[in-house]
Structures are given as structure tokens and as C-alpha cells.
Amino acid sequence: MGHIAMIIRKPPYGDINAAEAVRHALGAASGEWKVSLILVDGGVLLAKKGQDDTGTGFTNLETTLKDCIDMGVGVYADNLSLMEHSVKQDELPAGVQVKNESDIASIVKTADKTMLF
Amino acid sequence: MLVIVRSAPDTIDGKRGIKIARDMAADVVLLQNGVYFMQAEHLDDLGFCGTAYVLSDDRKLRGLGPIGSDRRAKEITYDGLVDLMTESNNVVGMF
Amino acid sequence: MGKTLTLYVSTSPYAYENTLTTARIAESALNKGHAVNLIASADGVYCFLKKQKAKGIINAEEEFSRLIGKGLKVYL
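Heads up: the protein sequence lines correspond to chains A, B and C, in order.
The first sequence begins at 1 in our numbering and counts up by one.
The second sequence begins at 118 in our numbering and counts up by one.
The third sequence begins at 213 in our numbering and counts up by one.
What the hints contain is simulated information worked out from the structure, not anything from laboratory work.
Ideal Cβ placement from N, Cα and C applies to all residues, glycine included.
Mixed in with the good hints, there may be bad ones.
[Claimed, not checked] FRET-style restraints, in silico, Cβ to Cβ: (1) A266(C) x G27(A): 15 to 21 Å; (2) M115(A) x M213(C): 51 to 57 Å; (3) A142(B) x K282(C): 22 to 28 Å; (4) G164(B) x T110(A): 40 to 46 Å; (5) Q89(A) x T218(C): 43 to 49 Å; (6) D196(B) x K49(A): 25 to 31 Å; (7) A247(C) x N206(B): 37 to 43 Å; (8) G95(A) x K263(C): 49 to 55 Å; (9) E204(B) x N100(A): 44 to 50 Å; (10) D196(B) x N100(A): 42 to 48 Å.
[As the list claims (entries may be wrong)] Interface residues of chain C toward chain A, partial, derived using beta-carbon atoms under 8 Å: (11) Y226; (12) A227; (13) Y228; (14) E229; (15) L232; (16) G268; (17) I269; (18) I270.
Hey, can you work out the whole structure from these sequences and the hints?
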């Protein structure tokens with residue numbers, strides 16, 4: 001059906017944006033879209049391992065992100081944003097790919113549609 | 118005096134909350150995305166030298182590790198937060 | 213002796229984490245014997261609509277109804 005890029009710019013949980021992005025990514029992937037989930041700025045914090053949702057009532061977004069990867073969604077984290085937010089590469093779940101800004105620009109350029117969260 | 122900060126370090130609101138606390142010699146409570154202030158040197162960079170209380174549930178939710186012993190920071194629960202709020206003569210926030 | 217906490221919520225129930233924070237602070241304060249007022253303004257009033265169907269996030273209607281049962285005073 002085409003290629004959709006979703007850019008997440010905000011950290012998880014503080015607002016609904018990251019949760020909505022992964023929800024739509026799952027929906028698009030199951031609808032046979034090729035999906036690229038791009039994490040930039042505070043959005044890279046979505047991919048930090050060890051999220052513990054005990055007692056909060058929230059869906060664990062680390063788990064949902066892993067579900068996205070299992071569904072074939074390409075998950076890309078901006079290297080500079082990771083450094084700015086003190087997230088090391090060994091703190092990322094398996095399957096999250098670290099990319100530089102020009103790589104990310106290429107992914108967005110090839111997408112048919114782009115959504116911002 | 119207590120300032121509550123819920124916004125991330127890369128936001129205007131988050132920075133403003135810490136600066137106001139600094140200028141009033143107040144302590145801060147970091148919750149929601151405010152817990153990311155405990156990473157790197159965000160508080161030092163803004164010249165904050167009071168005590169930072171970090172809400173445990175919100176830190177764990179984001180996959181952040183426990184607070185290092187070298188920081189002027191203390192971990193609190195919601196019960197601890199309520200005690201701070203009721204014992205403080207003034208609570209400002211949430212930024 | 214218990215004190216009175218007055219909380220203010222102005223954001224919609226599911227777009228921000230404020231609903232959870234407000235509910236947990238209110239519950240802890242009530243458990244400690246404090247009186248808790250909650251003023252809902254602007255989009256915060258949507259926390260108190262009936263028949264909410266939330267999933268993957270705390271249900272504002274259920275949570276605040278439970279707290280009202282514990283003594284939370286809500287003002288819209």
C-alpha cells in the first residue's frame with residue numbers, strides 16, 4: 001500500500017503523542033503499509049530499555065515498540081538525539097537502528113506519507 | 118518553598134521551572150518528563166544547587182536507573198510528595 | 213492534624229500524564245487524612261464525563277469516581 005514515515009519528537013508518557021504514534025504504526029503495519037518509525041529529539045527516549053509501568057495504568061511503550069519491530073516496522077533513532085538525551089546504544093531494544101541525520105532524511109524522502117507526533 | 122517540574126529539560130517550561138527554583142532558593146520535585154533532569158548535568162548547567170526530589174514511579178516508568186549517591190537528589194513516592202507539599206509554605210507548579 | 217490540598221486540573225483526561233499525577237497525589241493525601249479539593253477547569257472538566265472507555269491508560273471517570281468515594285471534593 002505504500003510507505004509511511006512517522007516521526008516522534010516527544011518523550012513517552014508525558015503526553016499521548018508517542019503512544020499514538022506506536023498505535024498508528026501497528027495499525028498501518030497490519031494494514032500492509034511499509035512503516036518507518038523515526039525517533040528524534042525527545043522521541044528517542046521512547047526506545048530506552050527498562051520501562052516499568054507498574055501501578056500506572058499505562059500501556060508499556062517499550063513493549064509496544066518491540067511489537068512494532070516484530071511486525072516489521074523499521075525503527076530508527078537519531079544518533080545525535082540519543083547523545084543529547086544521554087541514551088547509550090546498549091540501552092536500546094534489539095532491532096532499533098541508529099541513524100544519522102542524512103540517513104533519516106533519506107528515509108523521509110522515500111516515504112509516500114509522513115506523520116508528525 | 119517547593120517548585121514542581123513536569124516538563125522535560127529540552128523545553129522552555131522545564132528550564133523555567135528550574136531557574137525559578139534556583140532564583141528562589143527553593144527545592145524542586147521532578148515528575149513526569151521532569152525526571153529526565155536527573156540525566157547528565159541538566160541541573161548543574163542551570164545553576165540549580167538545591168535538593169531535587171525525583172518521583173520514583175515516573176522515573177521507573179521511563180526506564181531510568183536509580184539516582185546516583187553523588188547527586189543532591191532524593192527519590193520519593195507519592196506519599197513523600199504529599200508530605201513535602203503539606204509541609205511546604207508554598208508550592209509552585211507544575212511547570 | 214490533616215491539612216487541605218487544593219489541586220487544579222485543566223488538561224483533557226488522556227492527552228497528558230496530568231490525570232494520573234493528580235489522581236495519585238489526591239489518593240495519597242486522602243489516605244493520610246488530608247482534605248483534598250480538585251478544581252477542574254477548561255478541558256479538565258472532560259475528566260468527569262460519564263461512560264468513558266479508556267484503554268492502556270487510567271480511566272479518568274473510574275479513578276475520580278473512586279476517589280470521590282474516599283472523600284475527594286470536585287469543583288467544575
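Open item on the list: Going through the numbered hints above, which ones does this structure break? Give me the numbers in ascending order.
Closed with: 3, 7, 8
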